[in-house]
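*Asks:* Sequence:
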Amino acid sequence: MFGQSWRWGQRFGSTVLLWGQVLVHLLQGRVHRRNLLTQLEVVGPESLLVVILTGSFVGMVFTIQVAREFIQFGSGDLVGGVLALALVRELAPVLTAVIVAGRVGAAFAAELGTMQVTEQIDALYMLKTDPVDYLVLPRVLACILMVPLLTVVAFVVGVTGGVMIANSMYNLSISQFMDSVQQFMDGWDMVKALIKGAIFGMLVATIGCGWGLTTTGGAKGVGQATTAAVVTGLLAIFVSDFFLSWLMFRGLETSVG
Numbered sequence: 264m265f266g267q268s269w270r271w272g273q274r275f276g277s278t279v280l281l282w283g284q285v286l287v288h289l290l291q292g293r294v295h296r297r298n299l300l301t302q303l304e305v306v307g308p309e310s311l312l313v314v315i316l317t318g319s320f321v322g323m324v325f326t327i328q329v330a331r332e333f334i335q336f337g338s339g340d341l342v343g344g345v346l347a348l349a350l351v352r353e354l355a356p357v358l359t360a361v362i363v364a365g366r367v368g369a370a371f372a373a374e375l376g377t378m379q380v381t382e383q384i385d386a387l388y389m390l391k392t393d394p395v396d397y398l399v400l401p402r403v404l405a406c407i408l409m410v411p412l413l414t415v416v417a418f419v420v421g422v423t424g425g426v427m428i429a430n431s432m433y434n435l436s437i438s439q440f441m442d443s444v445q446q447f448m449d450g451w452d453m454v455k456a457l458i459k460g461a462i463f464g465m466l467v468a469t470i471g472c473g474w475g476l477t478t479t480g481g482a483k484g485v486g487q488a489t490t491a492a493v494v495t496g497l498l499a500i501f502v503s504d505f506f507l508s509w510l511m512f513r514g515l516e517t518s519v520g
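Position 135 (the sequence shown) corresponds to 398 in the numbering used here; numbering is contiguous.
A portion of the hints provided could be inaccurate.
[Stated by the list, open to error] The calculated label-pair distances, taken between Cβ atoms and stated as ranges, are:
#1 V494 x V287: 27 to 33 Å
#2 T490 x Q291: 32 to 38 Å
#3 G484 x D449: 45 to 51 Å
#4 D385 x M441: 55 to 61 Å
#5 R513 x D340: 47 to 53 Å
#6 S338 x G480: 54 to 60 Å
Calculated directly from the structure, the hints in this document are not laboratory data.
Note that beta-carbon positions come from the ideal geometry of N, C-alpha and C, so glycine has one too.
Taking the hints into account, I'd like the entire structure generated from these sequences.
*Replies:* As C-alpha cells, then:
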C-alpha cells in the first residue's frame with residue numbers, strides 16, 4: 264500500500280513538472296501543427312456522438328425527475344430554467360470531461376505508455392525530437408480547445424432533450440420552456456462553463472500523458488498506468504469542480520432576472 268502511494272506521488276510530481284514544461288513550450292510557440300490537427304480530431308469529432316447521446320438523455324432524465332414536482336407546486340414555468348442552470352453549471356462540463364477522461368485520457372496513457380516501455384520515447388530523444396513538443400503539447404492543446412466545444416454541444420442537446428420531454432409528457436409549451444431558460448441564464452454562465460471545460464480538458468490530457476510517460480513494467484505496466492490515469496483524471500475533475508464552483512458561484516448573487 265505504501266509503495267503504491269509513493270509511486271502515485273512520484274507520478275503526480277512528474278505530471279506537475281510536465282505541465283510546467285508544456286506551458287513553457289507553448290509560450291515559446293513550439294507546437295507540432297500536424298500532430299495538433301490529428302489530436303483535435305481524436306478529442307473532438309470522434310467523441311461527438313457519445314457526448315450528444317449522453318447530453319440528450321441527461322437532459323431528458325433531469326426533466327422527468329423535476330417537472331412533475333414543479334408542476335404540482337404551480338411552478339411549471341421554472342422547469343426550463345432549472346434544467347439550463349444545472350446543465351451549464353455542472354452537468355454539461357463535468358459529464359463531458361468524464362467522457363473525455365474515459366475515452367481520450369485512457370488512450371493517451373496507453374499510447375504513450377506503450378511508446379515508453381518499447382523505448383520509442385528514447386528513440387525520439389536520439390532523433391533530437393522533444394517528446395513534449397511532439398507528443399504531449401498537441402494532446403493538451405487539443406483537449407483545452409475541444410472539451411469546451413463539446414460542453415456547448417452537451418448543453419444544447421441537453422436542453423433540446425428537456426424541451427421534448429416537457430412538451431410531450433407534461434404539456435409545457437416550447438416557448439414557455441425557452442423563456443424560462445433565457446430568464447435563468449446569462450452569458451457569464453456559458454463563459455464559466457467554457458472555463459471549466461478548458462481546465463478539465465487540461466487536467467485530463469496532462470494526467471493521461473504524465474501517467475503514460477512514467478510507465479514501467481511492460482504490457483502489465485501499460486494496463487496499470489491506463490487504469491490509474493483514468494481514476495486520477497476523474498478525481499481531478501471532481502476535486503477541481505468543487506473549487507471552481509466555489510470560486511464562480513459562491514455568495515448570494517444570482518443571474519435569475
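*Asks:* When the hints from earlier in the document are held up against this structure, which numbers fail?
*Replies:* The structure breaks only hint 5.
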